[in-house]
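Number of protein chains: 2
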Amino acid sequence: MATGDAQAAFRDELFRVGLLVDTGVAGLYGRAAAYDDLLDAFDSLVTRTIMEPPFTSLRFPPVMARWVFDKTEYVKSFPDLMGSVHTFRGTDRQHAELVRLVESGGDWPGALTASDVVLASAACHPLYPLCTGRLPDGGRRFEVNGYCFRCEPSIDPARMQAFHMHEHVFVGEPDAAQRHRDLGLEKGLELLAGLGLPVESVVANDPFFGRAGTMLAASQRDEALKIEVVTPITSEDAPTAIMSANCARDHFGIPFGIETSQGETAHSACVAFGVDRVVLALLRTHGLDPGDWPSVVRRKLWP
Amino acid sequence: MATGDAQAAFRDELFRVGLLVDTGVAGLYGRAAAYDDLLDAFDSLVTRTIMEPPFTSLRFPPVMARWVFDKTEYVKSFPDLMGSVHTFRGTDRQHAELVRLVESGGDWPGALTASDVVLASAACHPLYPLCTGRLPDGGRRFEVNGYCFRCEPSIDPARMQAFHMHEHVFVGEPDAAQRHRDLGLEKGLELLAGLGLPVESVVANDPFFGRAGTMLAASQRDEALKIEVVTPITSEDAPTAIMSANCARDHFGIPFGIETSQGETAHSACVAFGVDRVVLALLRTHGLDPGDWPSVVRRKLWP
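Those sequence lines, one after another, are chains V and Y. Counted from 1, the first sequence has number 53 at position 53 by my numbering; the numbering is strictly sequential. Counted from 1, the second sequence has number 132 at position 132 by my numbering; the numbering is strictly sequential.
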């Protein structure tokens with residue numbers, strides 16, 4: 001079966017059993033309570049397993065400050081995936097015109113004004129401005145959870161436009177950041193393999209935009225700054241990334257003015273789980289009824 | 001203390017104890033795990049209490065289909081609260097210009113294109129297209145949970161731009177819709193009063209936009225289509241709505257083509273809890289440490 005057909009077949013199967021619900025937009029799904037329970041179970045397992053306490057645990061809303069987004073340079077790398085939030089700031093007369101455009105199927109979004117927020121580009125992005133200034137000795141460690149957005153309509157259920165990301169982030173000394181990344185990758189691989197998922201780690205190949213993006217992608221690969229853990233979901237040939245481990249170096253330390261306790265520019269690293277993708281991989285591997293999953297897997301998720 | 005001062009003082013207190021985190025945008029907050037636990041506890045209490053099974057339980061993502069949004073007539077009533085999602089769909093050359101605009105602090109959002117999605121205007125809005133067609137005898141009942149968005153930056157912590165809404169929705173016969181609304185209001189009042197919140201129900205006075213909105217607001221009041229449950233959070237004089245009970249009549253039945261089992265246009269009704277606002281009201285009423293809350297309240301939330 002061709003990859004596209006396999007993706008559509010798996011998505012339709014998820015609709016049929018009612019775990020996901022079609023919203024009329026590719027890549028955007030309602031979720032049954034049973035699906036949400038799987039997300040929660042995996043989230044809790046990650047919290048219990050990956051990072052030793054102490055760490056600060058935060059959940060960010062699905063939109064974030066535009067001024068923070070601007071500093072992440074996301075627009076440079078992935079402009080076609082971002083979501084900028086626009087609203088109406090006009091007069092009564094302009095409102096009448098807006099309503100007329102909506103009713104006639106015209107270009108009504110063109111009449112809107114940019115707001116102060118954008119959709120969250122990564123669970124960790126709202127975190128860095130909280131770290132501005134001098135860090136304590138040993139840096140800071142965070143767990144962040146949130147809905148992220150990528151404007152990429154797809155029939156592949158593992159490529160959602162709105163999806164959950166769960167990250168463990170370190171901000172501090174360069175060496176410690178590298179260790180956080182490497183240890184997180186090791187523990188993540190062990191955790192995912194322990195759930196019966198056939199996983200392997202590969203150097204990431206992010207879809208940087210355009211000609212300039214070709215160079216960014218090459219540099220990311222050459223320096224192995226981002227490692228992905230992949231597993232087959234709808235294709236054996238093109239497995240899906242369900243986790244990544246990233247060295248951001250001073251990418252956030254510089255624009256957000258974050259310093260180590262010694263006054264050097266801080267480095268950061270994050271270990272990120274694509275929670276929806278992990279759940280889909282589990283459903284694909286062990287079947288659509290979690291009650292029938294191997295007991296070793298069930299015991300880990302529901303101890 | 002003036003209302004604005006009281007709002008800022010409560011917000012700063014929430015920041016100080018770390019339950020909410022400042023994101024640099026008014027009305028947008030990171031949430032500590034302890035705050036999230038309160039949301040979850042109240043959500044579960046609502047699920048156990050308000051509506052008799054059977055019902056379908058769904059969680060929708062924070063963005064929804066634009067074509068569904070267009071049919072809700074939200075643009076007519078609350079254009080200044082909506083969030084339309086825009087992204088980049090240009091060439092390499094246009095991308096270079098976009099990056100230049102971002103870096104120079106120019107109007108880069110103006111260079112974007114509307115996507116197929118908007119921020120969720122209400123937890124129930126994505127639900128109605130799922131009901132298109134002929135309903136079974138007795139209609140259908142749903143529980144929906146989700147992040148909603150209102151573009152209204154405010155220092156009042158009870159007026160968030162991104163917030164959780166938990167709704168119980170009925171779609172079916174007009175009489176049954178009215179009963180769903182009335183019974184939900186009664187049970188909701190009892191539940192909230194049982195948590196020690198001083199509540200009262202009032203006819204809602206929604207902030208419909210502009211001159212045309214004055215008429216919409218008058219009609220909503222005259223027919224008592226929407227009842228709100230209010231409680232003091234940052235002001236005794238201007239209590240905050242923490243729940244509403246709504247008769248939408250055929251407002252969704254007509255545009256989404258929903259019919260009763262007898263082939264008439266279906267009516268709908270929903271009972272909605274502003275979960276964040278309930279949590280803030282509890283923190284305001286019983287104090288910022290849930291460990292110190294009255295045991296009768298604690299037993300209800302953590303049975």
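One or more hints might be untrue.
Given that identical chains are not distinguished, each listed pair holds provided it fits within a single copy or across any two copies.
SDA-like cross-link-like pairs, simulated, lysine to any residue; straight-line CA separation at most 20 Å [as the list claims (entries may be wrong)]:
{"id": "1", "residue 1": "Lys-76", "residue 2": "Ala-193"}
{"id": "2", "residue 1": "Lys-226", "residue 2": "Leu-101"}
{"id": "3", "residue 1": "Lys-226", "residue 2": "Ala-6"}
{"id": "4", "residue 1": "Lys-76", "residue 2": "Asp-107"}
{"id": "5", "residue 1": "Lys-187", "residue 2": "Pro-129"}
{"id": "6", "residue 1": "Lys-76", "residue 2": "Gly-110"}
{"id": "7", "residue 1": "Lys-187", "residue 2": "Ser-219"}
{"id": "8", "residue 1": "Lys-71", "residue 2": "Ala-111"}
{"id": "9", "residue 1": "Lys-300", "residue 2": "Ala-65"}
{"id": "10", "residue 1": "Lys-226", "residue 2": "Gly-138"}
{"id": "11", "residue 1": "Lys-187", "residue 2": "Phe-208"}
{"id": "12", "residue 1": "Lys-226", "residue 2": "Glu-103"}
{"id": "13", "residue 1": "Lys-187", "residue 2": "Leu-101"}
{"id": "14", "residue 1": "Lys-226", "residue 2": "Glu-259"}
{"id": "15", "residue 1": "Lys-71", "residue 2": "Arg-100"}
{"id": "16", "residue 1": "Lys-187", "residue 2": "Gly-90"}
{"id": "17", "residue 1": "Lys-71", "residue 2": "Gly-24"}
{"id": "18", "residue 1": "Lys-226", "residue 2": "Leu-216"}
{"id": "19", "residue 1": "Lys-187", "residue 2": "His-251"}
{"id": "20", "residue 1": "Lys-226", "residue 2": "Asp-289"}
{"id": "21", "residue 1": "Lys-226", "residue 2": "Phe-208"}
{"id": "22", "residue 1": "Lys-76", "residue 2": "Leu-185"}
Calculated directly from the structure, the hints in this document are not laboratory data.
Return the numbers of the hints above that this structure violates; sort them in rising order.
Checked against the structure, the hints that fail are numbers 1, 2, 3, 5, 7, 9, 10, 11, 12, 13, 14, 16, 19, 20 and 22, while the rest are satisfied.
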